[in-house]
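Colleague: Here is what each chain is made of, one letter per residue.
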Amino acid sequence: MTLFTILLSALLVNNFVLVRFLGICPFMGVSKDVDSAIGMGLATTFVMVVAAAVTWLIQWFILEPLGLPFLQTLSFILVIAAMVQLVEMFLHKTSPALYRAMGIFLPLITTNCAILGFAIMGVQNSYSFIENVVFGLGAGLGFTLALVLMAGIREDLRFADIPKPLRGVGIAFIIAGLLSLAFGGFAGLV
Amino acid sequence: MVLWKDFVRGLWDENPTFRLVIGLCPTLAVTTSAVNGLSMGLATAFVLICSSALISILKRIIPDKVRIPAYIIVIATFVTIVDLVMHAYMPDLHSVLGLFIPLIVVNCIVLGRAEAFASKNSVMRSAVDGLGMGLGFTWALTLLGAIRELLGSGSLFGYSFVADGASTLGIMTLPPGGFITLGILMAVMNMISDRLKKKAS
Chain A
1 MTLFTILLSA LLVNNFVLVR FLGICPFMGV SKDVDSAIGM GLATTFVMVV AAAVTWLIQW
61 FILEPLGLPF LQTLSFILVI AAMVQLVEMF LHKTSPALYR AMGIFLPLIT TNCAILGFAI
121 MGVQNSYSFI ENVVFGLGAG LGFTLALVLM AGIREDLRFA DIPKPLRGVG IAFIIAGLLS
181 LAFGGFAGLV
Chain B
1 MVLWKDFVRG LWDENPTFRL VIGLCPTLAV TTSAVNGLSM GLATAFVLIC SSALISILKR
61 IIPDKVRIPA YIIVIATFVT IVDLVMHAYM PDLHSVLGLF IPLIVVNCIV LGRAEAFASK
121 NSVMRSAVDG LGMGLGFTWA LTLLGAIREL LGSGSLFGYS FVADGASTLG IMTLPPGGFI
181 TLGILMAVMN MISDRLKKKA S
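Quick note, the sequences are listed as chains A and B, same order.
Counting from 1, one number per residue, gives the positions in the first sequence under the numbering used here.
Counting from 1, one number per residue, gives the positions in the second sequence under the numbering used here.
What the hints contain is simulated information worked out from the structure, not anything from laboratory work.
Incorrect hints may appear among the rest.
Facing chain A, from chain B, some residues (calculated, C-beta under 10 Å) [claimed, not checked]:
#, residue
1, Cys25
2, Ile73
3, Ala76
4, Met86
5, Met90
6, Asn121
7, Val123
8, Ser153
9, Gly178
10, Leu185
11, Val188
Heads up, the beta-carbon is just placed ideally off N, CA and C, and yes, glycines get one too.
Extracted from the complex, chain A is given alone in its bound form:
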């Protein structure tokens, strides 16, 4: 598989949110306006790329040689949680403006199942180091794309006349379903 195929597949064909159902909680929670959607998306992408590199090293240099693959879930989630904390502290020191923009979203990223999910998936596909990082980038950008699309629609939705029981998450899910249907059109692209 070429790097471009991996990127395109993670970004569109197997979009993490709309086709693989990963990261639905932030997708529903933070898609109320476009600005915070972009912030959340980029913060997640950043953590995903770093996590891709670190979890790859842990899996193939620590867990596999020592015969400990059953500790995968445990070690990956701890590493992701620790990394999110590090990224938060690093941004706080170096770029307060960016920290203020991304600040509230950073702690939420730990419990975004797209990150743990993609780390485990990368191991299952036995990607090489570079492939895994590209896979992380594609997954993150795909998450951002879905989030921004959804936020754009929900901003307009505020002025729509929706039946009372459907208001809030109900209509959001149906829109997500239609978006997912549209993304089905990418099947067969790679």
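Using the hints, position chain B against chain A.
Modeller: Chain B in isolation, oriented as in the chain A frame:
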């Protein structure tokens, strides 16, 4: 009486899926059939009961500052147990649920109950709360799976209702069907609880 209240809370008033709208990834991803929904719900319920009880036992030992990583370790341990047991005794189910078994670790329901309930209440109440939340999650997943299976493949719990070759709404078992079914179910639940409230008042 208190225990009963802790138990029923998760079933309706604070149902994780329909009321709190958390733990959505497995809710949508594995509910292509009723059996898958049921087994995912039970696996999550097991993790929820065990981790709530253990965290409640350890609540005085875990320092406040590192409580979240400590909770995650406790949860990840029980998830690994479920993962390995399922792999050994139910290989078919394990391959269907696949990735979503290890992902129980990041299911916000489990960490949410640990933080909001188990870290403040007695062991017994925490375990009962875990059981209620777990069963609330299980019935939501089973219902969603049953609807999608019935419309998408014309069967229920594996028993087929349609003739061979008859066309069904295949889209219901695909990702778009998951989103749309859950959206409509949410609206139905809102309607029911509105009616109940009106009757009460």
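Colleague: Compare the structure with each hint and give your call.
Modeller: Against the structure, the hints:
Look at Cys25/B: its Cβ gets to within about 5 Å of chain A, closer than 10 Å, so that hint holds up. A cut of 10 Å between beta carbons decides the hint on Ile73/B: the least distance to chain A is about 7 Å, and the hint holds. With 10 Å as the threshold, the beta carbon of Ala76/B comes within range of chain A, its nearest partner Cβ sitting at about 4 Å, so the hint holds. Using the Cβ-Cβ criterion of 10 Å, the hint placing Met86/B at the interface with chain A is not satisfied: the shortest such distance is roughly 13 Å.
Interface hint status for Met90/B: violated, as the beta-carbon distance to the closest one in chain A is roughly 17 Å, over 10 Å. Against a cut-off of 10 Å between C-beta atoms, the interface hint on Asn121/B is violated, since the closest Cβ of chain A lies about 22 Å away. Given hint, Val123/B at the interface with chain A, is violated; its Cβ is 24 Å from that chain's nearest Cβ, farther than 10 Å. Hint status for Ser153/B relative to chain A: violated, with the closest Cβ pair at about 18 Å, above 10 Å.
For Gly178/B, the shortest C-beta to C-beta distance to chain A is roughly 7 Å, which falls under 10 Å, so the interface hint holds. About 9 Å separates the beta-carbon of Leu185/B from the nearest beta-carbon of chain A, less than 10 Å, and the hint is met. Annotation: interface hint on Val188/B holds; nearest CB of chain A at approximately 7 Å, less than 10 Å.
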